Amino acid sequence: MTDEKILWLHKEHFHHTYLQNMGFGPLLTRVLAARFSSAEEAYDFLSSFKFTAPFLIPGMKEAAELIMKAAANNVPILVAGDYDADGVCGTAILVRSLREYNADVSWYLPTRVDGYGFNLKAVEAAEGRQCGAIIAVDCGTNDDEAVRAARLKGMEVVVVDHHMPGGQTVPANVIVNPHLSGGELLFNGYCGAGLAYKLTEALAVLNNRRLPDDSVIMAGIATCADVMPLVHENRLLVKKALEFWPHSNMPGIAALREVTGITYPTARQFSWVIGPILNAPGRLDTPYPALELLLSDNKDRAQELAEQLVRTNRQRQEETEAAEKKLLLSIPEHPGRAIVSSDEIPVGLAGLLAGRLARRYCRPAIVLAEEGDVWRGSGRSPEGINILEALRQGEEYLERLGGHSAAVGLSIRPEKVEALKELLERVLPPPGPSITDVDAVITLPQLRAEWVSELSLLEPYGEGNPQPIFMLRGISPQTYRTSTGEHLQLKTGDKRLIWFQAPPDAEQMSLPWDLAVTLSLSDRMGYPEVQAVVEHAATSIRLSRETVAHLYTFLRKRDKQILAHIPRKALNPALAVLRELNLVDFRGGTPVAAESKEKQNLDSSGIYRAYAG
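If you're matching positions, the sequence shown starts at 605 in my numbering and goes up one per residue.
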């Protein structure tokens, strides 16, 4: 259990001493050298904190002008969102913004029973309220039927969405979707609420208004909850949201601050605490309590709603745990290239369960809720595998498909599920070893508070900008279990490390260890102290060129005498090196040597460098 992961060392793209000469310490400079292609690019990342003009996004100016014209002419506007935290936050941002311009604005959100996206019920709601315009936020790009229905009824439709287009462009009056920009944009990684925020920026520019901080907070929460990359403008958006959160007087934000006890949040808390609370009602029933919380101007009502959402999220957690245990019983020991599981579970839990399975088994996972003639569900995928692209090769089996590379929603008839499983086995790459990315190999003396403190310049951490992981080589610590027995304390010299929820067999690993750790500062009697948290530990292995060569020869000749020259613990790292260098193929799950037209340089493999003797 403790030796399953492979440590992968990033290559330095430029010599880190260039930045050290500018006054930065060795930890920060090693991370920057591994993550950026040049010192100039790294410096830009540290120093560039400026929002781009909203009108650089195609369609944004037209959308803002259409909306302001409708507001000025007292044309009723419907904001139609989706039922997750992104859709709820995007809807709240636009509704609160349009109220500032005295627009006649109402809103509509689907339930899980209705299904995700902009649907005909939203069009009916708009018609019933005599709306002349609809803004579809976090949906609409692939909702052709509803967009056409709205246009046929004489309504103007603005789509503000970040989902990948799957076919023909919908006949909306204006579409704001960075993925339709033809690659001209510097950045296209916004979530739906992020684009809603950019639209409110555009409205503010047209009306010479200042944007309220609360819009930034909601967009930042949604960016983290929807697992968008925290790079470029998203990083600034979340940074500002974290700064504004403690001081917000918006009743909904203040109530969330109270019920969670989170005064100074991190991006991780937006992702794993605040986001799930806003997501919870939409997963189990209707998202309206979450939207009401963000729209309420009454402190007492906001507090009541926040407490209700916390209770709902607790119920969601309990149901998810029970459903996961049940699903795990149906998954074979060797599940193949993808996991496709189904059960009579609430459809709102499908995405959470798929995410848990994808992380547990390190392969794409789809969870389907068995209900009626058409089953609905969600898929999640580990980094590096595009589940949306894989499923698009089998669209003839699906009733509906939408999403992006790492997360999808789908509908399928039960009799087509087996065919979908067979397709995924053909088109997906074989599962490889689970790999932990390592930014740099460091030594124990480098765990100095002044150098660790500099790492905060990389924050906020999240998707696309993870907290740095460092590798400590050949450590022989003394180990002590904490009072609960769950955690392991490691002591080596004057350094202490903690391994939370360490596997029960951790102490049986032979010494020395290679440790993958994250670093932060804690307060110890008024002084900063380095806290090193072990993310992964493995028996220290040294890979030689001969070991990798022996394994490649064995895969070509299948001579067991050659295999005897390879230490058992070196097999997985050596195989991972060959895979990284494209020197191995998998046929039916079995590794076979692949012919290489060019001589491969082992030093170009980050995994080899991590384990080289």
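Because the hints were derived from the structure by calculation, they are not lab data.
You may find that some hints are simply not true.
[Unchecked claim] Straight-line alpha carbon distances no greater than 30 Å define the calculated DSSO-like cross-link-like pairs of lysine-lysine that follow:
#1 Lys665 - Lys929
#2 Lys1025 - Lys930
#3 Lys930 - Lys843
#4 Lys1203 - Lys1161
#5 Lys1025 - Lys929
#6 Lys1173 - Lys1095
#7 Lys1164 - Lys1095
#8 Lys903 - Lys930
#9 Lys673 - Lys615
Quantities reported herein were computed from a predicted structural model and do not represent experimental measurements.
*Of the hints stated earlier, which fail here?*
Violated: hints 1, 3, 7, 8, 9.
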